[in-house]
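Visitor: Sequence:
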Amino acid sequence: MPIKIYEYSNCSTCKNALKFAEARGVKYEKLPIVDQPPTVAELKTMLGHLREQGFDFKKLFNTSGVQYRELGISEKIKAGMTEAEALKLLSTNGKLIKRPFLLTAKGGTVGFDAKTWGALL
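Add 5 to the 1-based position in the sequence shown for this note's numbering, that's all there is to it.
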C-alpha cells in the first residue's frame, strides 16, 4: 500500500505533517481532502487503526471545523448516528474529516503527532 496523506492546503497542521514526512525522505501520495475525500473503504481501514488506539468513529470528525458545527454533527451523533451513516457522510464531505489523514501499510492516524507519524512512516 502506498503512503497516502490527505491534506488541506490552508491547514498549518497539514503543512507541518508534510514537512515532517519530507524531512525523512518519505515518498507519499498527497491528496486534497476537500476535493477528493477518502473513500468509505479507506475510512473503514482508518477506523480499524483508530480502534486499535482505543477510539471510535467520532475520532474521524474534524470537531473544530465550521461545517461540523453548522451541520450539528455532535447532536446527530448523540441522537444515534450510526457508524455507516458517519462513514458515508465523511466520504462525501472532506471538510468534516480530521486532518491530516495518514494511511500507510503499517497503519493510519488522523491529526499530526510526530511520535505517531514517525512510527508509521
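Accuracy of the hints is not assured; some may be wrong.
Said to hold, decoys possible - Think about it this way: if two alpha-carbon atoms lie no more than 27 Å apart in a straight line, the pair counts; the simulated BS3-like pairs of lysine-lysine are:
hint, residue 1, residue 2
1, Lys100, Lys24
2, Lys81, Lys32
3, Lys111, Lys20
4, Lys9, Lys83
5, Lys93, Lys63
6, Lys49, Lys20
7, Lys63, Lys81
As the list claims (entries may be wrong) - Simulated restraints, written as ranges between beta carbons of each label pair:
hint, residue 1, residue 2, range
8, Lys83, Lys24, 30 to 40 Å
9, Thr97, Lys9, 37 to 47 Å
10, Glu90, Lys120, 28 to 38 Å
In case anyone wonders, no lab produced these hints; they're calculated from the structure.
All C-beta atoms in this analysis are idealised placements derived from N, C-alpha and C, irrespective of residue type, glycine included.
Visitor: Now tell me if each hint is right for this structure.
Guide: Now for the hints, and whether the structure bears them out:
no.: 1; hint: Lys100 - Lys24; verdict: holds (22 Å)
no.: 2; hint: Lys81 - Lys32; verdict: violated (38 Å)
no.: 3; hint: Lys111 - Lys20; verdict: holds (22 Å)
no.: 4; hint: Lys9 - Lys83; verdict: violated (31 Å)
no.: 5; hint: Lys93 - Lys63; verdict: holds (13 Å)
no.: 6; hint: Lys49 - Lys20; verdict: holds (25 Å)
no.: 7; hint: Lys63 - Lys81; verdict: holds (11 Å)
no.: 8; hint: Lys83 - Lys24: 30 to 40 Å; verdict: holds (37 Å)
no.: 9; hint: Thr97 - Lys9: 37 to 47 Å; verdict: violated (18 Å)
no.: 10; hint: Glu90 - Lys120: 28 to 38 Å; verdict: holds (32 Å)
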